[in-house]
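K.L.:
This is what each chain is made of:
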Amino acid sequence: MTVILPAPRGSLGTGTGLLWLRDMLRIRRFEETCAQLYSETKIRGFLHLYIGEEAVAVGTMEALTPDDSVVATYREHGQALLRGIPMKVILAEFYGRAEGCCRGRGGSMHLFDRTRRFFGGNGIVAAGLPVAVGLALAERMQSGGPGRFGDPGHVGDNVVACYFGDGAVAEGEFHESVNLAALWRLPVVFFCENNQYAMGTALARSHSQTNLAIKAASYEVPAWQVDGMDVEAVASAAARAVEAVRNGAGPHFLELLTYRFRAHSMYDPDRYRDKGEIERWRARDPISILADRLREAGALDDAGMRGIEDDVAAEIAAAVAFAEAGQPESVADLTRFVTSEGGQP
Amino acid sequence: MAEFRMPSLGADMTSGTVVEWLVKPGDEVRRGQIVAVVDTDKAAIEVEAYEEGVVTDLVVPVGATVAVGAVLARLAPLGAEVMAPPAAELALPAEPAPPAEPALAHSDGAPAVSSPLVRRLAHQLHVDLDTVPGTGPDGAIQRADVTAASGGLALGRPRVRSSPLARRRARELGVLLDSVTGTGPRGAVRVADVERASPRAPQAPTPIADPAKPQQHAATARAEATARRQAAVGELMARSKRDIPHFYLGADVDLAVASAWLHSRNRDRPPAQRVLPAALFLRAVTVAAAEVGHLNGHWVEGRFQPIDGVHLGVAVSLRDGSLVAPGIRDAQRLDLDEMMEALRDLVVRARSGRLTREQMSDPSITVTNLGDLGVDTVLPVIYPPQVAMVGFGRVADRPWAVDGMLAVRPVVSISLAADHRASDGHRAARFLQAVARRLQCPAELDPRSAP
Chain A
1 MTVILPAPRG SLGTGTGLLW LRDMLRIRRF EETCAQLYSE TKIRGFLHLY
51 IGEEAVAVGT MEALTPDDSV VATYREHGQA LLRGIPMKVI LAEFYGRAEG
101 CCRGRGGSMH LFDRTRRFFG GNGIVAAGLP VAVGLALAER MQSGGPGRFG
151 DPGHVGDNVV ACYFGDGAVA EGEFHESVNL AALWRLPVVF FCENNQYAMG
201 TALARSHSQT NLAIKAASYE VPAWQVDGMD VEAVASAAAR AVEAVRNGAG
251 PHFLELLTYR FRAHSMYDPD RYRDKGEIER WRARDPISIL ADRLREAGAL
301 DDAGMRGIED DVAAEIAAAV AFAEAGQPES VADLTRFVTS EGGQP
Chain B
1001 MAEFRMPSLG ADMTSGTVVE WLVKPGDEVR RGQIVAVVDT DKAAIEVEAY
1051 EEGVVTDLVV PVGATVAVGA VLARLAPLGA EVMAPPAAEL ALPAEPAPPA
1101 EPALAHSDGA PAVSSPLVRR LAHQLHVDLD TVPGTGPDGA IQRADVTAAS
1151 GGLALGRPRV RSSPLARRRA RELGVLLDSV TGTGPRGAVR VADVERASPR
1201 APQAPTPIAD PAKPQQHAAT ARAEATARRQ AAVGELMARS KRDIPHFYLG
1251 ADVDLAVASA WLHSRNRDRP PAQRVLPAAL FLRAVTVAAA EVGHLNGHWV
1301 EGRFQPIDGV HLGVAVSLRD GSLVAPGIRD AQRLDLDEMM EALRDLVVRA
1351 RSGRLTREQM SDPSITVTNL GDLGVDTVLP VIYPPQVAMV GFGRVADRPW
1401 AVDGMLAVRP VVSISLAADH RASDGHRAAR FLQAVARRLQ CPAELDPRSA
1451 P
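Just so you know, the sequences run in chain order A and B.
Note that the working numbering has the first sequence beginning at 1, numbered continuously upward.
Note that the working numbering has the second sequence beginning at 1001, numbered continuously upward.
No wet-lab data here; the hints were simulated from the structure.
Please note that a few of the clues may not be correct.
In silico lysine-lysine, DSBU-like type, Cα no more than 30 Å apart, as pairs [claimed, not checked]:
1) B:K1241 x A:K42
2) A:K275 x B:K1042
3) B:K1042 x A:K42
4) B:K1024 x A:K275
5) A:K42 x A:K275
6) B:K1024 x B:K1042
The whole structure should be built from the sequences, with the hints applied where relevant.
P.N.:
See the structure below:
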């Protein structure tokens, strides 16, 4: 059944807290720059921004190791950055440059880096879920387990972290995937980024049960809601869930209650919600919440904040310069990767 | 000095129209602040500044369409002294400068001199260049002349205060803003003024929300638009009930033949090409209205004026709960598939607020179909100046006597509200009979299916 955890207090190591703050600011400022570059036609294709939801990626990725796998959505810039794909490589990808992580062929929605076990953004709602369950099955089979009904679960499997939105929970793929993962006790942790809107459709307009953790719980998956605007609460819940999955307890599900401050995509007039609602959520900006706590704890002052902002600004400036200097892929390579090259993806 | 440019909001966006400025010269702008509303092919979108500064001038006036990347406004660094023009001058000159002596470029028969840019702007603003006085060298028509002629921000002639939506409607209806008496604050022209001034404007309210105050919450603006629409419809309905001596007739019609015929006609078609019973009803009403006189037309100036051609109004419910009744023009020319297509188009456009001018022009008779909502019988209120309205209830399986036996048949209840000044029970009964008869011979409503 669903358990709603209060935000744990006093668990914040200030060193960790400053790293979280820095990571959230990297995502926030990077995406703000991306919006501007998009307006200036430097970035083409779609662009979905994560602004407001940073605590979810930062708090959950804290629990993962480099051997774990990540499957994300088309709003995946944050996860890609945290997974270690350099900002300049991500931006070059947005620019359509050969220096991008997918040689400029993927763009914003299709960041991918196998070496970092980052198995992609995905342009299709809920399409990442079966991929994650498949990866988890591969983990299980490679560790010698059968991966089928009656599998007791294995201690020490690498974990697959699967991100998706509240909209995905309305898709059949969600239900099939969670069911199969639970049936086979696969090492996958489902991170539902519930930002309250499936594009422009409010949760209550499309879900009879708006507590999404209850839906997952119906598949015998331990599931609970977490305050997704509080990075400490997210990190604590994610640590507990990932540890359980790693110890063979089967899949877990976290519903991370969050909010995107900006429109769904660049071309969204955002008329389906009123500005008062956005302001109320902005009052719970995950970056401000953490920064305030760090200041209270004496771990952060104005100079410290400025230092972080300056470092982030320098990283972004370098990324923009790198992307600007990048080259489009050669036409001679047009047909490369249509079929795989010697087993390479 | 920083520049605020027309942003690109999608790869398919090449230009945008400034619908509203939310800042004026002298205002300080912060990064991320919404400074303007831009209309694109897709939607009106609030656009933000990416740099901070003080607005020195707004380069592009409201109503103008410019390419992505064009400078919209200039910003000086924060703290810089900016001479803000006096508010009155900014809003509109109280005592307008006398217009420059305009040379009517076409007066001597010579073609108007204009650049491709000007022609493009004229096309976008639906301005006929032959009627535009040019103020440029040798009477050349300049962009400002076109903007002025379109009723937008006039340069060199007195500007008419108006809401953005009023300007858009004026363009759609071909109304010159100068000729409209405004009833808004300080004489500003509102949509209602434009529509009053237009001979082509519909009596029924249009489902376009007034975006005059985009800085308000979208929900509030929507609620206001809904309230305005409801008030307008309410006024119209009160007038109808007050002035029109309504009378009502009803008939239950067996649809067994029509249902079977439609079923077999639809069977081999992809869903997008299937015809719904609603379209068959519209076809039957159209044919009957053309056949039986005194129901298809308007009551104006104390007498009935018949109309050639059936402009078939269809009541459409909007998401906010209000109703509009746009029309299918010359419905008698449409076959069944075309009628279905027209109905789909009408509903989609009405609900998205994108009705065409033709669809908004006055229908000659209107149909309301509440069958989907489980209603058995509708007793409609006539839309003035029309003189009749036809209601359809739900198609329900009912016990039905056929050849002395009890059968179960799909039956629809059709009702007619008519204006007794224009027609009488006899004519109205003939009309209902005609509709019922047509529905018994559905193939005749579909000339293409005739052998």
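K.L.:
Of the hints given before, which are not true for this structure?
P.N.:
The structure conflicts with hint 1 only, although it agrees with all the remaining ones.
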